[in-house]
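Undergrad: Each protein sequence line maps, in turn, to chains A and B. Under the numbering used here, the letters of the first sequence match residues 1 to 346, in that order. Under the numbering used here, the letters of the second sequence match residues 1 to 330, in that order.
No false leads were slipped in.
For lysine to aspartate or glutamate, the following DMTMM-like pairs were computed, each having C-alpha atoms within a straight-line distance of at most 20 Å:
#1 B:K251 / B:E277
#2 A:K104 / A:D43
#3 B:K24 / A:D149
#4 B:K24 / A:D343
Just so you know, the hints here were simulated from the structure itself, not pulled from any lab data.
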Amino acid sequence: MATTVIDRRTEQAALRSGPSSAELLELYERMLLVRRVEERLRDDSAAGKLPGAVHLYIGEEAVAVGVCAHLGDRDYVTSTHRGHGHFLAKGGDVRAMMAEIWAKEEGICRGMGGSMHVADVSKGILGANGIVGAGLAIATGAAFGAKLDGEGKLAACFFGDGASNQGVLMETLNLSTLWELPVVFVCENNTFSEFTPSREVTAGRIADRARAFAMPTAEVDGNDVVAVWRAAADAVERARSGGGPSFIEAHTYRIQGHFEAEAFVLSGGRYRDDEEIAAWKKEEKDPVLRCRATLLASGAADEAALRAIEARVLVQVDDAVRFAEAGTPADPALAETLMFVRDEGA
Amino acid sequence: MVERRRLIQAVNDALFEEMERDPKVLVYGEDVELSITGDMRGLHEHFGHDRIRNTPICEATLTGMAVGLASVGYHAVVHMMFSNFFYTGMDAIGNQMAKLRLMTGGQVELPITIIAGYGGGAANAAQHSDSAYPVLMNLGGVNVLTPSTPADAKGLLKTAIRGRNPSFFLEPSGRGGEVGDVPDGEHLVPFGRAAVRREGGDVTVLSIGRMVKPALAAADALAGQGVSVEVIDPRTLVPFDEASLLASVEKTGHLVVVDEARECCGAASQIAAVVAEKAFHALEGPIRRVTTPNVAMPYAPNAERHVIPGEERIVAAVLSLAGRTHKATA
Ligand SMILES: Cc1ncc(C[n+]2csc(CCOP(=O)(O)OP(=O)(O)O)c2C)c(N)n1
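Starting from the given sequences, assemble the full structure and let the hints guide the process.
TA: Okay, here's the thing in structure tokens:
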């Protein structure tokens, strides 16, 4: 049966040797950067310094970082409304992202996109997206282009458990399988779709939706960066070598609210309890703390080395916030001039 | 050199020429390989599977994939069969194509061409008969092309495929379209330039796409009654050639807009508003819209004829205005 074959492949992936010590240190530093950037965004949002909605990825960093470690600038990613982690993991510039969220001309999208829409096309970051599920078809199109280019490029598509209930998931699983497109679908199952527990709105296992197309599928602990890294290594290699699409369901948890003004819109309403959140913040669960513990236990790094990383990351975050704060307000005229490329025989 | 071609053949010629010119141009859609509508005929045999291919029925993916392809350097030409199917592919149209250039601060260009038939008159009933361009006009970020002649069809489509923006090319549905003269080879029609199809001095009739033919027939009939009608074909609704229309209304003092889309917030409503704002001083009477009423297109051919604007309704609208001046209406 097809599922048996797929499960065996998944096992093979799990057996692969993981990242080297040096690679694991890089993964750690990248996760820590995402974490510290977002903690600052959390605080600045609470302080009323950021104009729009901010959806934070705190607790899910291992997914973006573990996948993007295998991608280069020429590969593509599509992201979600919760996209800072994907942007930074794929090599996006911290200053340019921060300035974007601060609505400045220096922002990566010149202040026209904001937190939910950070993109850097020169780095293959085709954009965070405010439409849940929109990245699925965009990534499929980018993967079609990558396949026609014939240079071993691929597209990775990040989306949530909520997005998995969009019909376009079935469309893109079908088409990418038929056309053997180099796309890696990465479902970040953080157990919530806004304020609704995923189990209330999602029938069956999400990964089974991909298995129905006989697509190579892996379910991993999304808070274990090594597990994500391994599954992604397998999927990325398959895409690069012409083996078609793969699906990874990463089980993880959203620590922050759906967005930073959650308490305000819920006005006392609850959809989870504090003990649950606290459990996911513990060292056994939190992806950054877990990786830290692994580094120490394996001797890949000592406390001093980790303190040095922490200091480096904080310098980057402070620098980015200063850059954003000092930036020029976005140019309102862009709203009119940027709609079209002006070239239609006019 | 000119050649007699059907509109659908002119579209086919444009596709052959542009795919030959630029290897990054791809075509896909449902049943494009055999091409039941005829506009894609022969492309698959000539260019092969990497350049043109059939897709599953999945409009959300067809439109979204075009955005992905555009972001990585391709120009997707997507055939969506009927403009009603825009609705099932609407996210990538309304939220992605029309917006991502601005939202990314100008980082992406979205060279995409969407082709679809539109309009009633073929007893296809309401779900295959919409003239679904007003919804596109309101998005702000996509070009909307409504050719009425084979020459314009070829020239506008070639301009679209060479362009770097999303463009919607609306083919009049059914029976291959009109026959007309098409210049051979390189023939490009710029966007935003209206064509004066017939000159006249008493009333301006602006007619869109398939409505140009009944407007010209009405103008012929009215000439027999001593009313001189100027017929303007905007050729593209976005961008829209305001200057040509305003100049004509300055001359005639009267405007009738003929639009196959429904009345509410249709192209005619937008055009009437532009003229009311910018040429009020020149108007000698009210602006008249001749449109499909706010109904679903019925199936029965006689009922279709009843709701789609035709020669008689255009004649009546013109006669209600011709010869009127402000004094007369006051
Ligand atoms: C098409 C669409 N429908 C609804 C929304 C509102 N919305 C924003 S995020 C969200 C939940 C998404 O859940 P999931 O995909 O699991 O991502 P997560 O927020 O958990 O990261 C919803 C319903 C939207 N942005 N787009």
